[in-house]
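Undergrad: Sequence:
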Amino acid sequence: MATLPHPITELCTLRIKVPREEAVSQQIALIKSTLSSTPGFLGLHWSFQLEDPTILNWFIKWDSIASQEAHIASPAYGSFIAGVRSFCEPLAVRSKLEVPKAKVVEWATIYLKPETDKDEWVKGVEALKAVLEGAPIMENERAYVVLIGWDSKEAHLDWKKGLGEDDATKGMAMFRSSGVARVELSHVEVGGEVDNV
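Be aware that the sequence shown starts at 451, since it is given in the working numbering, and climbs by one per residue.
FYI, nobody ran anything at the bench for these hints, they're computed from the structure.
Beta carbons are placed, not taken as given, at the ideal position from N, Cα and C, and that holds for glycine.
Just to be clear, a hint being listed does not mean it is correct.
Said to hold, decoys possible - Derived lysine-lysine pairs resembling DSS-like cross-links, with alpha carbons at most 27 Å apart:
#, residue 1, residue 2
1, 551, 482
2, 603, 553
3, 467, 603
4, 611, 551
5, 611, 553
6, 610, 551
7, 482, 553
8, 467, 482
9, 553, 467
10, 553, 610
11, 603, 551
To be verified - Derived Cβ-Cβ restraints for the label pairs, each shown as a range:
#, residue 1, residue 2, range
12, 563, 471, 38 to 46 Å
13, 457, 635, 23 to 31 Å
14, 634, 568, 12 to 20 Å
15, 616, 471, 43 to 51 Å
16, 531, 472, 12 to 20 Å
17, 564, 483, 36 to 44 Å
18, 628, 479, 43 to 51 Å
19, 568, 605, 30 to 38 Å
20, 629, 531, 33 to 41 Å
21, 469, 552, 20 to 28 Å
Just need the whole structure built from these sequences, with the hints factored in.
TA: What follows is the structure, given as structure tokens:
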């Protein structure tokens, strides 16, 4: 039986080079003039990081990985990237992850050491999913991204304070493992949305 393509979310981390209001205005104009007419584009959520307000995150929704890859291979992609670079600098792009529907998203990126056995390390992910009730996790080479939805940054911090020692140990084991080179953690406040559906 053939498998149907399924929607994906492309995650982009950008550092703005212009004032925030100008970046918001330019990104909306760029998205409407380029991505909105791209086959397979379903919409885009954008948000600024709470810890560093110069970091802008895009959650680009595609109907399939094939549509996203076709966009990257298209002749229009070069001018799209030039438009992006006019107001910000792309820092990282990842794909294939569902974004929690929440006011604030905790974004953790865990980088494994080269010698770490990925299969063994991933077993610890199940413990984190149990503590967080199914946080979406995506792997990209030696980096894992975890997105967790919260009502606010304060709600996340209060939740952490209220964890029992056993749950805290289980849930944080994957972050503290000797196979982890570093962890980057931030919170992004869900901002605007441009839909194409």
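Undergrad: Give me the numbers of the hints this structure contradicts, sorted from smallest to largest.
TA: Failing hints: none at all.
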